[in-house]
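Protein chains: 2
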Amino acid sequence: MAKANRPSRGSRPSVPKKRPAPRKRPTPQKRRATGKAPSAAADLSTEEKIMQAAKKLFTQNGFAATRTRDIAKEAGINLALLNYYFRSKEKLFDIVMTENFRQFIRGISFQLLDDATSVQEKIQRIVTAYIDFLNNNPDLPIFIINEIRGNTSKVAQQIQEEVAPIRAHMFRQLQEAGRQGEITPIDPFHFMANLIGLTVFPFIGRPILQRVTGVNDQQFRAFMEERKNLVPIWINAIMHSKK
Amino acid sequence: MAKANRPSRGSRPSVPKKRPAPRKRPTPQKRRATGKAPSAAADLSTEEKIMQAAKKLFTQNGFAATRTRDIAKEAGINLALLNYYFRSKEKLFDIVMTENFRQFIRGISFQLLDDATSVQEKIQRIVTAYIDFLNNNPDLPIFIINEIRGNTSKVAQQIQEEVAPIRAHMFRQLQEAGRQGEITPIDPFHFMANLIGLTVFPFIGRPILQRVTGVNDQQFRAFMEERKNLVPIWINAIMHSKK
DNA sequence: AAGTTTTTTAATCAAATGATTAAATTTAAT
DNA sequence: ATTAAATTTAATCATTTGATTAAAAAACTT
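In order, the protein sequences belong to chains A and B.
Here our numbering is used: the first residue of the first sequence is 133, the next is one more, and so on.
Here our numbering is used: the first residue of the second sequence is 133, the next is one more, and so on.
Hints in this document: simulated from the structure, not taken from any laboratory.
Note that the structure is a prediction, hence the values are computed from the model and not measured.
Among the clues, some could well be false.
[Claimed, not checked] Pairs of lysine-lysine, DSS-like flavour, derived with a Cα cap of 27 Å:
{"no.": "1", "chain 1": "B", "residue 1": "Lys374", "chain 2": "A", "residue 2": "Lys254"}
{"no.": "2", "chain 1": "B", "residue 1": "Lys374", "chain 2": "B", "residue 2": "Lys360"}
{"no.": "3", "chain 1": "A", "residue 1": "Lys360", "chain 2": "B", "residue 2": "Lys374"}
{"no.": "4", "chain 1": "B", "residue 1": "Lys254", "chain 2": "A", "residue 2": "Lys374"}
Using the sequences and the hints, build the whole thing.
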């Protein structure tokens, strides 16, 4: 849920009496794992552990519903240390959010840029890459969508910049293909809506979809494997359909 | 933002010292609007006003990020009255949630059941009805998706029951059409994923989609109007594509 | 006007939560 | 061994927030 919509809580009076000198994060140093294994991955730097835990919980529950105490527990460290490293929940969230988002966008952008490969081939690759990626990060799309709306600040800009060149490139390639009669001309908006809709949506709507169609988890995975082949065919069919 | 994931807060000890006799909600009575108009719709019953406000905020922000005080303010009443009517945030949420969900499902179910209309015609109707509906309730899909995951209790069952007959019916009709060679046989899962993906997803992914494609709000609406015609064509193309 | 119901006001609770602090403790580097 | 850094412990703050209460005020019914 939107971070922006959440009133700051537990925040100090805006002018702190004596703000402690903004400590920089301790430079992480390698250490042997402590005697009692704290949690899962014990041999990561503390900073990493916290970020991983934060990513997991934020992604799963969103900003408002995630407790810093839970993040600390998940990371196998304590609350004090979390705040020592990241100063605040917001800061930690921003970092995780940015990284999450980068990963998500990269899934498309990486493939789309090079000129050599045909549209067909690109679609094929994107769909496969995305389905693989989302199998490992099923909560990411919902997280992105949730935390992006209403958030006009940094993130919006970030998207613009990161995506601008790709968009331009794709526009051209689609237009080209349309002009040459390879495909029925299609607006890039529809193209993207279709591509993402057919590929990413099943992960977003998964709980509903499964219940509505009576499909279990194993079957869902199988269907998504099928879609790696089917979606490109369908996109192709769409782009050759006549109005 | 799963409600279930949120630790109960501000809850009283499980055995209250002297639980006030569970007041039933005051039977709503019609009254003239008070002198000072509280908010927007002043001539609704108080119960209605609260529910509308709750629906708006819950849908917009999710459970965890919504404050009961904000609901009260939005409804133009005070916090005490909200609790007087609905006892707790959870209760209020459940009511809103159920209603929201019903509305959402009805969008499909209503159309799908009658036997007379062809698959083609049904698709046409569903797409149009859904796009119209979502134009007026753009936040609903994300809300549904958010509040449904992890929630195995009431809601899940509700879906099962409400959807079961429709599913059965659709299965049959699709199978029939496939056997008669009208369409390339397609699994109901893929069919649903495609139909909802192409129709509902643009509303879910709207913020990303607009930024990625550089489309403004007005254009978005225009595109969705276009899709009323295009999606059925595309679905048709998909169902006639050969592997 | 009298009586009932609905709503407001204002104060207050208890718990959750984000954050901070100081002192102890552990770990690693020198 | 000494030293510095990293981490834990435990206590504590300040707020937010869901919820309750009692009494006053307003609105409505009869």
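Hints and how they fare:
A hinted pair counts as satisfied when its Cα atoms are at most 27 Å apart, and lysine 374(B) with lysine 254(A) qualifies at roughly 20 Å. The hinted pair formed by lysine 374(B) and lysine 360(B) meets the criterion: a straight-line CA distance of about 24 Å does not exceed 27 Å. Note on lysine 360(A) and lysine 374(B): the hinted pairing holds, with a Cα-Cα distance of about 15 Å set against a maximum of 27 Å. Straight-line distance between C-alpha atoms of lysine 254(B) and lysine 374(A) comes to about 20 Å, which keeps the hinted pair within the 27 Å bound.
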